[in-house]
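Participant: The lines below spell out each chain.
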Amino acid sequence: MNPDIIQQARNNTPLVHHLTNQVVVNFSANGLLAFGGSPVMAKEMTEVADMAKASDAVVLNIGTVLESEVPAMIAAGKVANQKGIPVVLDPVGVAATPFRQEVIERILKDVRPTVIKGNTGEIASLVDTDIQMRGVDSVGAGNVDDIAEQAGKKWNTAIVITGKTDVIYTDQQLIYNQTGHPLLANITGSGCLLGSVIAACLTTSYPVSEQLHAALCFYGLAAERAAEQPDVKGSGTFLPNFIDALSCAPKQLNGGPNDDI
Amino acid sequence: MNPDIIQQARNNTPLVHHLTNQVVVNFSANGLLAFGGSPVMAKEMTEVADMAKASDAVVLNIGTVLESEVPAMIAAGKVANQKGIPVVLDPVGVAATPFRQEVIERILKDVRPTVIKGNTGEIASLVDTDIQMRGVDSVGAGNVDDIAEQAGKKWNTAIVITGKTDVIYTDQQLIYNQTGHPLLANITGSGCLLGSVIAACLTTSYPVSEQLHAALCFYGLAAERAAEQPDVKGSGTFLPNFIDALSCAPKQLNGGPNDDI
Amino acid sequence: MNPDIIQQARNNTPLVHHLTNQVVVNFSANGLLAFGGSPVMAKEMTEVADMAKASDAVVLNIGTVLESEVPAMIAAGKVANQKGIPVVLDPVGVAATPFRQEVIERILKDVRPTVIKGNTGEIASLVDTDIQMRGVDSVGAGNVDDIAEQAGKKWNTAIVITGKTDVIYTDQQLIYNQTGHPLLANITGSGCLLGSVIAACLTTSYPVSEQLHAALCFYGLAAERAAEQPDVKGSGTFLPNFIDALSCAPKQLNGGPNDDI
Numbered sequence: 059m060n061p062d063i064i065q066q067a068r069n070n071t072p073l074v075h076h077l078t079n080q081v082v083v084n085f086s087a088n089g090l091l092a093f094g095g096s097p098v099m100a101k102e103m104t105e106v107a108d109m110a111k112a113s114d115a116v117v118l119n120i121g122t123v124l125e126s127e128v129p130a131m132i133a134a135g136k137v138a139n140q141k142g143i144p145v146v147l148d149p150v151g152v153a154a155t156p157f158r159q160e161v162i163e164r165i166l167k168d169v170r171p172t173v174i175k176g177n178t179g180e181i182a183s184l185v186d187t188d189i190q191m192r193g194v195d196s197v198g199a200g201n202v203d204d205i206a207e208q209a210g211k212k213w214n215t216a217i218v219i220t221g222k223t224d225v226i227y228t229d230q231q232l233i234y235n236q237t238g239h240p241l242l243a244n245i246t247g248s249g250c251l252l253g254s255v256i257a258a259c260l261t262t263s264y265p266v267s268e269q270l271h272a273a274l275c276f277y278g279l280a281a282e283r284a285a286e287q288p289d290v291k292g293s294g295t296f297l298p299n300f301i302d303a304l305s306c307a308p309k310q311l312n313g314g315p316n317d318d319i
Numbered sequence: 059m060n061p062d063i064i065q066q067a068r069n070n071t072p073l074v075h076h077l078t079n080q081v082v083v084n085f086s087a088n089g090l091l092a093f094g095g096s097p098v099m100a101k102e103m104t105e106v107a108d109m110a111k112a113s114d115a116v117v118l119n120i121g122t123v124l125e126s127e128v129p130a131m132i133a134a135g136k137v138a139n140q141k142g143i144p145v146v147l148d149p150v151g152v153a154a155t156p157f158r159q160e161v162i163e164r165i166l167k168d169v170r171p172t173v174i175k176g177n178t179g180e181i182a183s184l185v186d187t188d189i190q191m192r193g194v195d196s197v198g199a200g201n202v203d204d205i206a207e208q209a210g211k212k213w214n215t216a217i218v219i220t221g222k223t224d225v226i227y228t229d230q231q232l233i234y235n236q237t238g239h240p241l242l243a244n245i246t247g248s249g250c251l252l253g254s255v256i257a258a259c260l261t262t263s264y265p266v267s268e269q270l271h272a273a274l275c276f277y278g279l280a281a282e283r284a285a286e287q288p289d290v291k292g293s294g295t296f297l298p299n300f301i302d303a304l305s306c307a308p309k310q311l312n313g314g315p316n317d318d319i
Numbered sequence: 059m060n061p062d063i064i065q066q067a068r069n070n071t072p073l074v075h076h077l078t079n080q081v082v083v084n085f086s087a088n089g090l091l092a093f094g095g096s097p098v099m100a101k102e103m104t105e106v107a108d109m110a111k112a113s114d115a116v117v118l119n120i121g122t123v124l125e126s127e128v129p130a131m132i133a134a135g136k137v138a139n140q141k142g143i144p145v146v147l148d149p150v151g152v153a154a155t156p157f158r159q160e161v162i163e164r165i166l167k168d169v170r171p172t173v174i175k176g177n178t179g180e181i182a183s184l185v186d187t188d189i190q191m192r193g194v195d196s197v198g199a200g201n202v203d204d205i206a207e208q209a210g211k212k213w214n215t216a217i218v219i220t221g222k223t224d225v226i227y228t229d230q231q232l233i234y235n236q237t238g239h240p241l242l243a244n245i246t247g248s249g250c251l252l253g254s255v256i257a258a259c260l261t262t263s264y265p266v267s268e269q270l271h272a273a274l275c276f277y278g279l280a281a282e283r284a285a286e287q288p289d290v291k292g293s294g295t296f297l298p299n300f301i302d303a304l305s306c307a308p309k310q311l312n313g314g315p316n317d318d319i
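Protein chains in written order, with my numbering: chain A, 59 to 319; chain B, 59 to 319; chain C, 59 to 319.
Looking at chain A on its own, in the form it has when it is part of the complex (with noise of 0.2 Å):
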């Protein structure tokens, strides 16, 4: 990991602009708050334009995404397109039902996004592999380096898959992650925050697989560091202890046996 990436996010406090799930922006907010950025999460139409327009990043995330809500994702992004800043894209649960999927395939045709990020099931479906899913989430196994550079390729953006190892599809190179901890899976919305920190890391002047490694790898570290304090004793108490963990400095994170780079 370079932690200069994080503390250039830091500096930089990007304003990340959020069209996301209901579950998780409470959450979302939160936790990038604490990691040093700025959350906004208007989502009414006659607004995202505008705010898109102030932020530094976008975030579009799906996972209870109405119809009416579509086109306010779809104009942010292309706003966000024009004036060149990231987007994450986190097609929660786009294998689940046909909607999702028309849904993703509306928002891909208009807006490209700097990074797609998702479970093996989800980025399988964008490539119409067939990945058993629950709900939104992925209990199958694939070939996920191959999933990965295909999604890529055929998107023409950048990938991360999460997962045990983590795995980050960037300039037809396949970069892994090995940070993390079970109980961020316990927690809701473990996985769109991660899209939040994402967004924040691309707001810097790094390489785009160095500012995917860097948020994977800080945020994973964050994860280990939280399930190793004392009053921690489930997912509950977890939580509030990984929100703390994400305004660590690396260096306060960094040495544990899965920082590998």
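Keep in mind the hints are simulated off the structure, nothing from the lab. Remember, it's a predicted structure, so these values are computed and weren't measured experimentally. Careful: at least some of the hints might be erroneous.
Claimed, not checked - If you anchor each label on the Cβ, the simulated ranges turn out as follows:
#1 B:R164 with A:G142: 29 to 37 Å
#2 C:K141 with B:D203: 35 to 43 Å
#3 A:E160 with B:N214: 35 to 43 Å
For every residue, glycine included, the Cβ atom is placed at its ideal position computed from N, Cα and C.
Given the coordinates of chain A, assemble chains B and C onto it according to the supplied hints.
Facilitator: Same frame as chain A, but now just chains B and C:
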């Protein structure tokens, strides 16, 4: 309490499709994850039937319901009935406004819930018994047993009335539960999350009366355990500890003074 | 601070009807419950008038407002005015987009708030003073006293401007509050929940100036107490401890260095 119900519910990792209020979506998701279920919160009309078809149980909760959300609730409930999976109906604040009464009537016209869960005032309202309400909370008393029985017979469903003593009516039988803790009343959505845990327990192969009792008894014991943690000094620190406790094995919680069965 | 105001607010257990943003609904509800009030969050147009009629105070907060939600805000506010119960208006991010400015103008055309509460940039925007904004946060400075006085006179209402020093303008009088803690700025919705606590205090029988000062002073002291708890290591662990502190008796919080009145 039959601990095998809790264990079997966890073995199922049931996918519970929630159409619930925006105040509690995050808490319900984190609580159900801790308990061992898998939450999904889709509410777009276009996809709710697909999502309900893929689910193991459906929760309908009108806490902040909009008129535009009612058709999706009915559609998800109908699919659940056709598929034969459990439906938990939580008529939050139904006595507070004519709109909520009409919404519940419309739902009950088309959907047959497995259980209706509410406080005394809410269930009383379903049998046209007048109980003093304050917002979405009932503050009056009444003959709770009678109300449960009348509601169960009128709507041909099991009834849970939560309170200091919880009353379960099913199969012409009244069952009581005394577990719980006053701090539960100080966190928003404690009744809503109970609906999610009930839904998970209803996916097991036991009689409904035992499933409901197990869910209520376990939930209350988890609250008792959380309240005993040394770092709990109020409702704020109770909440994460309660989420932790929801992932405990029943035997870790058993033996408290209120575990009467 | 007059501790009797806090006590009387709690004796009232005021039902506070919120039409607020989806980021903070859960936090506002849990915080108000801890303080001693009773939250309700209905926002369906069909029922908001009924709910406001049954309530003791109304909070209008435009943090994530949709065009479709504006009529319900106005309807609830009008009922509150007719009934003579307090209305707290929180113009979150009003300077950030023309849409928000228009929404606030429409609300203020039909509803007379008891108090408008915001940060410097938000209140400055209500008197056409230009303050540098970043998303929904104001980052510029200005003559805060002047802004408060101008806004109060223009809109014929009390004004609260939150900041390191909070400024209250009412009855041609300026009052200051210095309690608080920097961690409040790191949790989303700390300003929104303050609006709920103000609403609760406005249901008491004291002068508005004293009610507002008591709410602000108590809120800040609760934050100071929370930050002193040994298990607080960041904004994540601060949050549950802050909720705890909101249920403290004023004398448990008093005597801190910033309790200047």
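Participant: Hint numbers the structure violates, sorted upward?
Facilitator: When the structure is compared with the hints, only number 1 turns out to be violated.
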